[in-house]
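**Student:** Each chain is listed here by its residues.
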Amino acid sequence: MNISIQGLHKKYPNGNQALKDVNLEIKDGMFGLLGPNGAGKSSLIRILVSLMKPSSGKVLVNGKDAAKNRAYVRSMLGYLPQDFSFFSNLKTYEFLDYAARLAGMSSRRKRNQAVDQLLEDVGLFDVRSRKASKLSGGMKRRLGIAQALINEPKIIIVDEPTTGLDPEERIRFRNLLARLGSQDVSIILSTHIVADISSICEHMALLNKGQIAFSGSPEELIRQAVGHVWSIYASEKEYLEINQKYEVVATVMIKDGWKITVVADEVVGYNAEPVQPNLEHAYVYFVEHTLKKVNGGR
Amino acid sequence: MSSTFLTIAKYERKILLRSWFFRIFSGLTLFFIFGFNIGEISEVGNRTWIYRAVASNMPYIAIYILNIGQAIIAVFLSSEFIKRDRKQDTTEVFYVRSMSNASYILGKAWSILSLFLLVNIAALLLSLIFNSLAKDTYIDWQAFLYYPVLISVPTLVFIIGLSSLMMSIIRNQALTFVILVGYILSSLIYLKSSYHYLFDYMAFYQPLFHSQITGFGDWETIWTLRSMYTCFGLGFLFISILLLKRLPQSKLQNLLSAIFAIGFICTGVYLGNQHLNRYNKSVELPEQMIALNNEYLFSPQIDINKHEILLTQAADGISVESKIIGNAKAGSNEFVFNLNPGLNVTDVKVDNKSIEFERKLQLLLIRFDTVIPAGKEISLALNYSGSINENAMFIDLDAKTKFKHPGDYLFDIGRKYAFINPNFLLLTQEAHWYLQAGVGYCTTSASWSRKDFIDYQLTVKTLPDLIPISPGQCKEVGEDSYVFERDFALPQLSLSIGNYQKKSLEVDSLVFSVYHMEGHDYFMDALPDIRDTLPSIIAERLRDYERNTGLKYPFKEFSIVEVPGQFKSYDRTWTSIHQTNQPGLVYFPEKGLFSRNNDFNGYAKRIKGWGRNREKTKEEIQIVVLNRFIDQFFDFKDIDTRFNNNESTIEESINPYYQFVQFYEMSNNLDSEQWPVLNRVFESYLRGTEGNEPEWVRRNSGSTQNELANMVLQEKTFAEILTLKENQELIDNVIELKGETLFSLIQAKANTDQFRVFIGELLEETRFQNLPFEEFNERLQKEFGVDLSDQMEKWFNEIQLSRYRISTPIAEKVLAGNKEMIRVRFSVTNDGDSEGVIKVTLTPEENTDKLLYLEPGQTKEAFYLTIKEPSGIHFNTLSSGNLPNQIEYNFEQIGKSSAKNAKEEELVIENPMVLVNKREIIVDNENSAFDFTHFEEVSRLRKWLKTVDEEGFKYKGTRVWRPPLNWTATTNDEFFGEFIRSAFYIKGGDGSKEAKWNIPIEEPGRYDVYYHVYKGDAFRWWRDERGSYQFTIPHQNGTDRPKIELNRDSPDGWTALGDYSFAADTVTISLSNETKLRAIFADAIKLVKMD
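Read top to bottom, the protein sequences are chains A and B.
Just so you know, my numbering puts the end of the first sequence at 350, numbered straight through with nothing missing.
Just so you know, my numbering puts the end of the second sequence at 1076, numbered straight through with nothing missing.
Some clues are possibly wrong.
To be verified - With a cut-off of at most 25 Å between alpha-carbon atoms, the simulated DSS-like pairs for lysine-lysine come out as follows:
#  : chain 1 : residue 1 : chain 2 : residue 2
1  : B       : Lys939    : B       : Lys972
2  : B       : Lys(-5)   : A       : Lys186
3  : A       : Lys261    : A       : Lys110
4  : A       : Lys183    : B       : Lys(-5)
5  : A       : Lys110    : B       : Lys230
6  : B       : Lys236    : A       : Lys120
7  : A       : Lys206    : A       : Lys162
8  : A       : Lys183    : B       : Lys(-1)
9  : A       : Lys105    : B       : Lys236
10 : A       : Lys311    : A       : Lys289
11 : A       : Lys162    : B       : Lys(-1)
12 : B       : Lys236    : A       : Lys116
13 : B       : Lys(-5)   : A       : Lys143
14 : A       : Lys192    : B       : Lys(-1)
15 : A       : Lys116    : B       : Lys230
16 : B       : Lys734    : B       : Lys888
17 : A       : Lys63     : B       : Lys230
18 : A       : Lys143    : B       : Lys(-1)
19 : B       : Lys230    : A       : Lys120
20 : B       : Lys(-1)   : A       : Lys186
Derived by calculation from the structure, the hints in this document are not laboratory data.
For reference, chain A alone in the conformation it holds in the complex:
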């Protein structure tokens, strides 16, 4: 599976430029799309799932222009939108069955099997006869992913999938995606929660103000932040000063003061010690320092 996004622009009628010259190559496996709120992730995703037309540029799926081959793209698509909570009067299995029929599974036997399997996979088999509207938030989300996965789509696009989930649900969800990502499938995971990506994505892109700010592996992003993440043990007074001067990414209260993690090119004083960055640190470093420098430079 090969998705090629070329020179994508999106400008809304109200003048808001949501995407500016977005270029991306997405292969098989998990692909993380990271960016702050309002960065243009949802616009990009709505274009990818053919819910919206770009102002210019194109998306090629296996070399075919998605705008001209909507049937082709839609036939291999599984999509879980960001706010997936409104359900009609259908039971859990009926909802999936409906999705399966629309996804092209015409054989009732196969469909039943697939529906049961998916319900089992997402842990909803026991509530298969419960009305979808009566499921808990987490269950609804799992049902959402189940409908996105029905009939083995080649492209799965999930928009902010873990928002509002409790930690246990979130881990279960990540694992489910990771398992799928290991198959011959492209999964695009759009999120502003870094941990979603750090745990499962092999490739990622960072979208900021409608533009691709970074594209590569999470490790590459982390590498850029090595030497820029510091750990400081600070007193109450120092803590306030540090908070003013640096980008604090973590604060832990200890016996005689605070253990603070900051992202900065350089920290003067405070016995700051460099620490190994994680993706979250790297994301903050990238957004707060690299992008600002670039933008400032412009």
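Place chain B on chain A using the hints.
**Tutor:** Frame of chain A, contents of chain B only:
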């Protein structure tokens, strides 16, 4: 596409099915249909005959009821769909699936449609169950298919399409719902059947009755409009596909959607346009025809004496060879005839030589080479063929009258005036299917409508195996060829052809026949126990009627001929003949579906449980049933009550099956060129007052049509009233009243019992021919010395007002010769400025009315003798200034008089009758000295509902079960009044409203004060009704508050309030509305001077 479409439909249907809104709606509707079936169709309910007689009406009514609900609910459900789509979360997971927008929208639409169709099936199943259980009926399986297809499918497709489209554009469910419900209500309440049902998307008003004989009435309109709505619905759906906020998947399908949208909308517009064109033509044609009639009214005519017609029936028309023999009425080379404009004249010949003719719509102008002198006999032969244009029939009636929803049943049966079908044909005079001399209906003069008796010779060639029926003896003269023979001339000719079967019986050389369609002989099993006596019962009824009217049935046959239910005829002012009536026969709707009197078994079953009927034998019950059946041919008028904003109005029309027409209109004609209406006027005199409206009519509406006619005659001349085209009902009643008055006057002037005998003999003598007015007048003069021509002009063109003051009648035992008899005496003064006549009847009703003639200003004392003790006396002042014009007195006691040699006489008295003695002062509510507290108290709801206060007739009904909140005028013969017996009445209340009599006292002194008490219906209906009238009387020594206590047994009339001293001033006596009685009546106060 199909599998996706079905998938969407399947699951959306599931979602809908689970919505409580839908469940409650379907449950309630089905429950209502169930209830309706129980009430109207089942054995335990009404067994309403219209549903059983024509069984297709059972599924029709089920779908009709369901459709009203589903039309509104579908709006909500389809806009709900789009609304859900706007919640873009869950819907998006479906939007990204591989499917076309068309599959999506059409799938959703189909889900609603299919679900409602399931409800339709449930409703039809219910109907089928009741249909199967109902007795004396059958199952019309096809109706279970065509009613949902014709009613539900177009309604649903249209409303689903329209809602989807509106929602796609407006994108606000509440607004869409409000707009669409507004549209639905306006189509139901305002647009109704306008433009010939163009806006009736629900087929709520459009007649979809399916006759068992000919099927749907106006199939072209049904097909056009139902297809139009289906096309619009589909067109809107395809536009909604294009407007769907989802990126299209298939360009081809989008293109197809656009093509379909344009295609369906264009087809819808085309069909609508076709319909409008037809409608416009139907409206324009009568106008054009009337204009032509007006133009050619005085063109020379031929007086037709003999008319031979050879009609050949075809599946879609007729072809006729016609031969006319007549005389030129005036010298001319051009003569005017009229013939239905749907018939094309191909050839006109005189002596086998074609002559020139011109067709102008309905008119046929025949031109001779030379001038034909007046009186010369002419023989014409012509050929024509074609069909009947129904728009050319009843051209005097406007579309509103023609398409008025009859309101007898929920749905409209529809109306057809002529039939030309492969298996049925019905043509009456109104169809102008045969050539008639002169022009038709005119607006400039009434002289067009002169009846004539013509010797018609009719030969008919029918389609195979069909039987023709027309007045006269039918003889088969060849294969499918028949001749009608008769020895009398006809005023009009009609023909019906169908798959008729005949059942007949002969009584006293009169043949009674029923011509019915195959399988419609349900009546053969009815009345099994009186089969032997049946002929004698029928004969007895006829002879009774002949005795009562003094006229003889003129034909040898009387046939009831079954015709489709849609066959419709209207009242006309110039004749009482309905097109349903023809010489010696009546066209009766299939199985008599409109009246339960024709459901013999059902009616017998129903009345068995009523009161005394429980003790009746089977035979007696069946005689009652038979008599009820016969009654419908002798009831003059159909009276309907309609309720509107708490007011009830009475609508009267001539019963189309009323057979008095056979006794006069079909066989006689009093012909007057100057006053054509005279024939109808004479007829109403002959018919007499048998058509009097029942008491409940005036109790409800405040006055009878007869009284309204009387009031109008006080303000307008007869000639003027005849031009008030918009008020046909009133004109009818004026004609009745005027007719009765004129001939009663002549009869009274003739002053002999022989008048009616003379009239009867004269009519026998001039049967089947015209009786010119001049000849009639001559005979009258010769026989009775009465000259009508003197007064005709005045009678027609002047307001003639007589009004009478009648004394209280006295009944007493007297000796007449040596025989004890009862004498009734009373005095009457004619206070008006024209002569008049009063009909006096002693009750219980005696055989003959007494007619009391009074010249203007004349006073008479009348003495009538009777052997039987009368309970009362009835005065009918006919056309007069009295209101009510019918007054009834009951004799409380019969005294004894010492008078001997008493005889019946009318004495002219010098002094006029006075109601008020010298010593008395009476102030009535009609007097200007009467006043009351004015309030505008109307319930808020009523005010909202009825924003414009319609000024109606001053006097309202006396409705004591729901008295008015304001003082309201009402009339009744039990009230006091010199000429107008009226009072004001109001609901019993708290004393805040008063009525006042300002009585001028010229002579001071002591007076007895009386009040005229009216008790009326309240005390008859409610045993416990009791309460008081409270008066305030200011007098010289202070103010008194006397009361009159009323209960069931207390007397009415003048009741004493006490005696008081008054100064020479105006005394104001007031009556309060404070009472426990339901209503208080403010009538009259009387003061009697004491010595």
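**Student:** If a hint holds in the structure, say so; if it doesn't, say that too.
**Tutor:** Comparing the hints with the structure gives:
no. : hint                 : verdict
1   : B:Lys939 x B:Lys972  : holds, 18 Å
2   : B:Lys(-5) x A:Lys186 : holds, 22 Å
3   : A:Lys261 x A:Lys110  : holds, 19 Å
4   : A:Lys183 x B:Lys(-5) : holds, 17 Å
5   : A:Lys110 x B:Lys230  : holds, 21 Å
6   : B:Lys236 x A:Lys120  : holds, 9 Å
7   : A:Lys206 x A:Lys162  : holds, 18 Å
8   : A:Lys183 x B:Lys(-1) : holds, 13 Å
9   : A:Lys105 x B:Lys236  : holds, 15 Å
10  : A:Lys311 x A:Lys289  : holds, 13 Å
11  : A:Lys162 x B:Lys(-1) : holds, 22 Å
12  : B:Lys236 x A:Lys116  : holds, 17 Å
13  : B:Lys(-5) x A:Lys143 : holds, 14 Å
14  : A:Lys192 x B:Lys(-1) : holds, 20 Å
15  : A:Lys116 x B:Lys230  : holds, 24 Å
16  : B:Lys734 x B:Lys888  : holds, 20 Å
17  : A:Lys63 x B:Lys230   : holds, 18 Å
18  : A:Lys143 x B:Lys(-1) : holds, 10 Å
19  : B:Lys230 x A:Lys120  : holds, 18 Å
20  : B:Lys(-1) x A:Lys186 : holds, 17 Å
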